[in-house]
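Here the protein sequences line up with chains A and B, keeping their order.
The numbering of the first sequence is our numbering, which starts it at 1 and goes up by one.
The numbering of the second sequence is our numbering, which starts it at 1 and goes up by one.
Hints in this document: simulated from the structure, not taken from any laboratory.
Heads up, the beta-carbon is just placed ideally off N, CA and C, and yes, glycines get one too.
There may be inaccurate statements among the hints.
These stretches of chain B come out as covered by chain A in the derived footprint (C-beta under 8 Å, 3 or more residues) [claimed, not checked]:
1) 90-102
2) 240-250
3) 364-371
4) 380-391
List time: in silico BS3-like cross-link candidates among lysine-lysine, alpha-carbon distance up to 25 Å [stated by the list, open to error]:
5) B:K105 - A:K153
6) B:K230 - B:K25
7) A:K79 - B:K314
8) B:K312 - B:K27
9) A:K261 - B:K404
10) B:K404 - B:K230
11) B:K404 - B:K351
12) A:K153 - B:K59
13) B:K59 - B:K49
14) B:K50 - B:K105
Simulated restraints on C-beta separations [claimed, not checked]:
15) B:N157 - A:D167: 35 to 43 Å
16) A:L154 - B:K183: 51 to 59 Å
17) B:D129 - A:K17: 53 to 61 Å
18) A:L166 - B:N157: 52 to 60 Å
19) B:P119 - A:F297: 45 to 53 Å
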Amino acid sequence: MAELTIGKKVNRFFRRKAPYFFISPFFAFFLVFGAFPIFFALYLSFHDWNGIATSPMVFIGGENYWYTLTDPLFWQALKNTIVLTIQSSIPQHVLGLFFAFVINLGFVKYKNFFKTTLFLPYITSTVAVSMIFAILFGYPYGFLNYLFVSLQKLPLFQTIFNWLRLDPPLKWLGSASLIIPSISTQIVWRWTGWNTILYLAGLQTIPPELYEAARVDGAKWYQVFFKITLPSLRPVLQFAVTMSVIGGLQIFNEPFIMVGKNGGTGRAGYTLAMYLYQTGFEWGYFGSAAAISYLVFVLIFIFSFISRRLLRSEEGVS
Amino acid sequence: MRKRGLFLLIMLFVVASLGLEAAPKTKIVVGCFPALDEAYAAVLPEFYKKYPQIEVEIKALGFDDHHSQLVTALAAGEGAPDVAAVEIGYVAQFVAEGGLVDLLKPPFNAGRYRDGVTPYTWAQGMSNDGRLIAMPADIAPGCAFYRRDVFAAHGINVDDIKTIEDLYEVGKKVSKDLDGDGKNDTWLISDASSIAWMIIRSAPELYFDEKGNCLVDSERFRLAFEWAKKFQDDGLAGGIAAWTNEWYVAFQTGTVAYEPSGAWLGGHLKNWMAPDTAGKWGVTEWPALRPGEDRMAGYWGGTFLAIPEQSKHKEEAWAFIEFITTNVNAQKTCFEVADCFPAWMAAWEDKLFEEKMDFFAGQQARLLWIDIAKRVPEVITNRFDSVANSVITSELGAVLQEGKPVERALRDAKTQIERRVRRGR
Chain A
1 MAELTIGKKV
11 NRFFRRKAPY
21 FFISPFFAFF
31 LVFGAFPIFF
41 ALYLSFHDWN
51 GIATSPMVFI
61 GGENYWYTLT
71 DPLFWQALKN
81 TIVLTIQSSI
91 PQHVLGLFFA
101 FVINLGFVKY
111 KNFFKTTLFL
121 PYITSTVAVS
131 MIFAILFGYP
141 YGFLNYLFVS
151 LQKLPLFQTI
161 FNWLRLDPPL
171 KWLGSASLII
181 PSISTQIVWR
191 WTGWNTILYL
201 AGLQTIPPEL
211 YEAARVDGAK
221 WYQVFFKITL
231 PSLRPVLQFA
241 VTMSVIGGLQ
251 IFNEPFIMVG
261 KNGGTGRAGY
271 TLAMYLYQTG
281 FEWGYFGSAA
291 AISYLVFVLI
301 FIFSFISRRL
311 LRSEEGVS
Chain B
1 MRKRGLFLLI
11 MLFVVASLGL
21 EAAPKTKIVV
31 GCFPALDEAY
41 AAVLPEFYKK
51 YPQIEVEIKA
61 LGFDDHHSQL
71 VTALAAGEGA
81 PDVAAVEIGY
91 VAQFVAEGGL
101 VDLLKPPFNA
111 GRYRDGVTPY
121 TWAQGMSNDG
131 RLIAMPADIA
141 PGCAFYRRDV
151 FAAHGINVDD
161 IKTIEDLYEV
171 GKKVSKDLDG
181 DGKNDTWLIS
191 DASSIAWMII
201 RSAPELYFDE
211 KGNCLVDSER
221 FRLAFEWAKK
231 FQDDGLAGGI
241 AAWTNEWYVA
251 FQTGTVAYEP
261 SGAWLGGHLK
271 NWMAPDTAGK
281 WGVTEWPALR
291 PGEDRMAGYW
301 GGTFLAIPEQ
311 SKHKEEAWAF
321 IEFITTNVNA
331 QKTCFEVADC
341 FPAWMAAWED
351 KLFEEKMDFF
361 AGQQARLLWI
371 DIAKRVPEVI
381 TNRFDSVANS
391 VITSELGAVL
401 QEGKPVERAL
411 RDAKTQIERR
421 VRRGR
């Protein structure tokens, strides 16, 4: 009798504690690879360290922050990053919403085919992508330049190009004014599918009754879109935009591969993450690099806070 | 009882033979990038003959990945190879950051090889406080590859290009607008920045003088930027970036007639960039900056071998480095396999370097490279070289692509560099 009670107690104990045991690996890894670097970087940002394990770290207070905030390169990188984030985010969401809306329409067939096609860029290897874009943006014989030079022979396009002061062949990755649009194009191409899938998931949670009621009331498709679809999508929109802001402020791969570690002509494609990388890993100021990472963190915090505020649902629930 | 004795005897044998088998064999890891891995692998059989107790594992990563992985490993204090290849573009960075052993100290005593190594490249491996952080393995004498057929068609004799002014005049002849759209379709050079680099890299002072004063607003930099700008503005440069498809096409079709580069480009041209153009190429020295001066001689690449401080087998690592860098046969093998031009001067005596090269229409190009290598001045290195390099690269781009005035670009460059230097660490 007594044995049974103990057995029961043990059993109950394990049943209660087992879940914690099973989720513990994640937290163990998180402590080592997530939490530790976060706090170590904070510690590091108040020190001078050249990035060699054996050399000492010297406490220098807020000098790293002061140096970074007074560094013209930081401000240039910040400006580039914000412009790049805006130029690459807006098309992503407009296109993503549009595609999601179209795919979600009842009469559209082959939905899975379209979904797969749109999502494909997201999972394509970076190496293959950068090779294709190198061919696309090549100077002077790249595909886009071939297109532009051919179009220029038509009077209509000649006028447009003259008006825009474009003189093909264009140095897509060589002239400062074109670097950010070129990089944005690749980012938009890669992330549109991701946003489409997010919005599609959001669309499918909207009760069909709302649409039916609208149809009964004789609403036009744009009225349906702006009065029903968009407001119902607010939580998804909020999530997707915040993710874009976070991703945009940390953008590194695309500009690094397309214009190189110095950010191309006049550092037009030099982002905050590239500034951080070069400061730490090339110039050996690991303390400064850690300070930059914390400044970027503060910026991300502020910008995602703003974007959440702007897109907050009317009821205040998200 | 007898059985047990036999059993013991056998056991004894087994243990003894295992013990012999496990004679101490030290394994070292050599971290490098292609095509060095092929070159070093080809040297290994001979290395093993001399050092049977050392086992070498060659680990190659992509060019950029190899170097960034090395930086990370040095910061982590673990994971670096015992021997690390460092390309010239990264040497300054490692001089500044540390983490590599001083090869002049015992037990390495690399100083005794000083006279055998090409002087300028030895200077590149030295820090300005007198440490040798990397041993020169191969060098890349700067030269220019030119199209014999294009020059002949325009009646140009390459020996007449004595100064950069002459080069500019030749450029005007070969850069032509073929389809009448107002833009040139053939050019002298692919990218105008190579004109500037030619001038910058052929002086004994790179970005700083001996006292550490920043020199980027000196007359030499002004000339370098202005000449590059002149080549660019007058349509003599194609604006084609290196390592792009357009670059290879330009070599295949001859739309670019003159390419300043390192000796290594010849191997790439012959093997994969433009193999069908064999016999149409020639190699020449760079022109002089001003009339009456000597021709410019500089470098365009080069590799060094270093030992990270964290290595546990430094002596074995040094044995490998010593073998690769100071053994004539090893240097020759590396050259034959992967076009690594020997830094060890004794290797130049070999018949191999007198060969008439078919790709260059029978020219004895290797003798020319040796001659250039001897003339490259010993450069003064500085721990802020990598910062300066990054700043100059982007300012040069702004001058060439955006029309930024040269004076302002150099002034901005100096401000940016001195801002880092003043910080002092």
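**Item:** Coverage of the segment 364-371 of chain B by chain A, judged on three or more residues with CB within 8 Å
**Value:** Answer violated; 0 residues pass the 8 Å Cβ test.
**Prompt:** Does K105 (chain B) pair with K153 (chain A) here, judged by a C-alpha cut-off of 25 Å?
**Reply:** With Cα atoms ~68 Å apart, K105 (chain B) and K153 (chain A) exceed 25 Å; violated.
**Request:** With a cut-off of 25 Å on the C-alpha distance, tell me whether K230 (chain B) and K25 (chain B) pass.
**Result:** Violated. K230 (chain B) to K25 (chain B) sits at ~60 Å, over the 25 Å cutoff.
**Message:** Just to be careful, I want the Cα atoms of K50 (chain B) and K105 (chain B) compared with a cutoff of 25 Å; is the pair within it?
**Reply:** holds, 23 Å
**Item:** Given pair status - K314 (chain B), K79 (chain A), alpha carbons within 25 Å
**Value:** violated, 47 Å
**Asked** Are at least 3 residues of the segment 380-391 of chain B within less than 8 Å of chain A when you compare beta carbons?
**Response** holds (count 3)
**Item:** Verdict for D129 (chain B), K17 (chain A) (Cβ pair) under range 53 to 61 Å
**Value:** holds, 59 Å
**Message:** Against the 25 Å threshold, does the CA-CA distance of K59 (chain B) and K49 (chain B) hold or violate the hint?
**Reply:** holds, 21 Å
**Message:** Hint check: K261 (chain A) vs K404 (chain B), CA-CA at most 25 Å. Holds or violated?
**Reply:** Since the Cα atoms of K261 (chain A) and K404 (chain B) sit roughly 21 Å apart, the hinted pair holds (cutoff 25 Å).
**Message:** Can you tell me whether the CB distance of L154 (chain A) to K183 (chain B) sits inside 51 to 59 Å?
**Reply:** violated, 19 Å
**Distance restraint evaluation - P119 (chain B), F297 (chain A), Cβ atoms, bounds 45 to 53 Å** = Holds: the Cβ-Cβ distance is about 49 Å, inside 45 to 53 Å.
**Message:** Quick check: does the Cβ-Cβ distance between N157 (chain B) and D167 (chain A) fall within 35 to 43 Å?
**Reply:** Holds, at about 36 Å.
Hint compliance for this structure: hints 3, 5, 6, 7, 11, 12, 16 and 18 are broken, all remaining hints hold.
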